[in-house]
Amino acid sequence: MLFFFGFISLIFVGYLIWLIYAVFKFPVPFVYNIRSLWQRKSSTLTTASAISLVVSIFIVVLSLAQGISKAFITSGLPNQALVMRPSSRFELNSTITRDQARILKLSPLVSKDGNNAIASAEVIVIKLFNKADGAGSNITVRGIEPRGISMRPQVRLISGRWFQPGLSEVTIPAKIQLRYPELAVGRSFRMGGREWNIVGSFDAAGSSFDSEIWSDVDDVMQAFKRDDYSTVLVRLRAEKDLRVFAFEVENERRLQLEVVPERVYFKELTKAGDPIRIIGNLITVILTIGAIFSAMNTMYASVASRTREIGTLRALGYRRREILASFQWEAIVLCTLGGLGGSLLSLLADGIQTGTTSFDTFSDISFAFTITPALIGQGLFFSIGMGILGGLLPAWRASNIPLTEAMKA
Amino acid sequence: MNQSFKAPIVHIHNLSKSYFRETLEIPVLQGLDLDIPSGGFYALMGPSGSGKTTLLNLIAGIDRPSGGVLEVCGSNLNQLDDDELASWRNQNVGFIFQNYNLIPVLNAFENVELPLLLTPLTRTQRKEKVEEALTLVNLMDRLENYPRQLSGGQEQRVAIARAIVGNPMLLVADEPTGALDAKNADEVLAMMQKLNEEFGKTILVVTHDPKAANFARHQVHLEKGVLDKTVEVNR
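So the protein sequences, as listed, match chains A and B. All residue numbers for the first sequence refer to the numbering used here, where the first residue is 223 and numbers rise by one. All residue numbers for the second sequence refer to the numbering used here, where the first residue is 23 and numbers rise by one.
Since the hints were made in silico from the structure, they are not lab data. We put the beta carbon where it would ideally sit given N, CA and C, even for glycine. Treat the hints with care, as some may be off.
Stated by the list, open to error - Simulated crosslink set (PhoX-like; lysine-lysine; CA at most 25 Å straight-line): (1) Lys327/A x Lys447/A; (2) Lys334/A x Lys462/A; (3) Lys233/B x Lys251/B; (4) Lys247/A x Lys149/B; (5) Lys630/A x Lys246/B; (6) Lys205/B x Lys216/B.
Claimed, not checked - Incomplete in silico selection of chain B near chain A, CB under 7 Å: (7) Asn79; (8) Asp85; (9) Asp105; (10) Arg111; (11) Asn112; (12) Phe117; (13) Asn123; (14) Ile125; (15) Pro137; (16) Leu139.
Isolated chain A, as found in the complex:
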């Protein structure tokens, strides 16, 4: 299968190189194709619009998948690790006793600030929030030690203040507040049988922490009647200590826990975006097939109505391959026009804040659509691909009309 796709890709790239060569070396004037597209404004616009729609969906799907990936990939530091119950895979499934947490913090490999280990014992719970319109979603609540805030340097307080231990206070990401206006600073909500005051909001620079409500670990454990932590986040003296630390933690009889580098953990969570990516890709594939047929139909009609022109060009001495390249480029220009339209259309989604449910943790992931130049480049490349596929057969037809038949048209 790999060989097959490699072979097809090789042919595709070879053909593209030949087409680029044709632009500079072949004599059919490019203006002929541009004006021919302009002459058939309505069919050009209809096809370009269909392609615009497909390309914009393609870019938005990529942006969505990228947004989810970014949320997780930017969440970890290279010299930090999560200590979890073996095989628990996610923080939500893990438990660590208070004694184990204490032993972990005593490890000489853990960074110290004075006499205090740079580590945060944390608990994860899920809270269902309902919006005013009735729609609701599970939001992760992370109980952390005060040290846990400074261990996430990408997190920045943007209004109010951080929660204080013992006061049932929470600090909420601004991105969640955008989607849940009722969680504004100064308001409160019920959770775990008590009232929680919202005292501040923070920004986590697009990382997964933008999807979590933060509070004091002991307050959350009391409210949810939990005796154990979920995980302990530790900062090691250096990244190279990770392996030794993991070996010690796994083999220490009182611990026997699993150490997962923070970045590896969050990278694993990027798979939360897979279902959306798969559905998005499926929709894109279906629409792409439609758009290719639309481009093909337009180009076939164009070839049919220009048979005599093709015959004239051939009679004047233009070769088959020059006609092929000319019509192929016309299809590419048509689809690239659609690609440019689609890129502009996709910019409407740029910056829109949204969320989805992770099928691993069943909790909400907040992220923003970010339309980057790289995504627009991919969209344009995609439209060129559609131009090549949609234009190939009509261009082949144009170059192979028997000359005597073309002259009679």
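Since the structure of chain A is provided, determine the placement of chain B on it from the hints.
Leaving out everything else, chain B in the frame of chain A:
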């Protein structure tokens, strides 16, 4: 623009052409012998289906014969492959069509320039040649006009300019006045006569019109794919 050519510019011996409809062979030309000297002006005449357009297409390198010898402008066309034949047409043949066959999205200048784009000429050299050709057909004031902005007669003159711009040895015309009124038809025929007499172009015209045929110096009559007679026109 004068060309001298001692051997006949067109040498045809025992030429045949058949088309196939499924397995049925339909002969169009059979055992044709014809020599056209350089600088000749020949009209191909005959009833519909006599094979005159087929003969013109064979001589112009648009179609290939089924058998026989076909030498035009010093090349044996049977021996040329598709690419060589395309290049040969560009260098040796100028085409004038009944419906002008101008490219509608290109203006007069660009239409005339089309055959030159296949040559190694520079942009400046091409411009000079296009302007020379358009001057010859009295259309220098129309070089920015698109075909839709020209009359039928003007369109055909642009087509003539395109046919002569590359200085080919042979001009072929298929019913060049078929779509024109009498006045424009006379103008076009007079122009072709001028190209033949003053510039020594060999011209081969397919026509039904006896008046048009009288502009030629020889009339070749075909009947059911066979050469019936060749008549010299007395002027």
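Quick check on the hint: leucine 139/B CB to chain A CB, less than 7 Å?
4 Å, holds
Given the proposed pairing of lysine 334/A with lysine 462/A, does the C-alpha separation stay at or below 25 Å?
16 Å, holds
Take the shortest C-beta to C-beta distance between phenylalanine 117/B and chain A; is it under 7 Å?
Because about 5 Å separates phenylalanine 117/B from the closest Cβ in chain A, which is inside the 7 Å limit, the hint holds.
With the threshold set at 25 Å, check whether the alpha-carbon distance from lysine 205/B to lysine 216/B stays at or below it.
Given that 25 Å is the threshold and the Cα spacing comes to 17 Å, the pair holds.
Status of the hint placing aspartate 85/B at chain A (closest C-beta pair under 7 Å)
5 Å, holds
Given a cut of 7 Å on the nearest C-beta pair, is the interface hint for isoleucine 125/B held or broken against chain A?
6 Å, holds
Has the given pair, lysine 630/A with lysine 246/B, been kept, meaning a C-alpha gap of at most 25 Å?
20 Å, holds
Starting from lysine 233/B, check that the Cα of lysine 251/B is at most 25 Å away, please.
18 Å, holds
With chain A as the partner, please determine if aspartate 105/B meets the hint condition of a C-beta pair closer than 7 Å.
Holds - the Cβ of aspartate 105/B comes within 7 Å of chain A, reaching about 5 Å at its closest.
Interface restraint verdict for proline 137/B against chain A (beta-carbon cut-off 7 Å)
Holds: closest Cβ of chain A sits about 5 Å from proline 137/B, inside 7 Å.
Is lysine 327/A within 25 Å of lysine 447/A, Cα to Cα?
24 Å, holds
So, as I understand it, the hint says asparagine 123/B touches chain A; can you test that by seeing if any CB pair is closer than 7 Å?
4 Å, holds
When the structure is compared with the earlier hints, no violation turns up for any of them.
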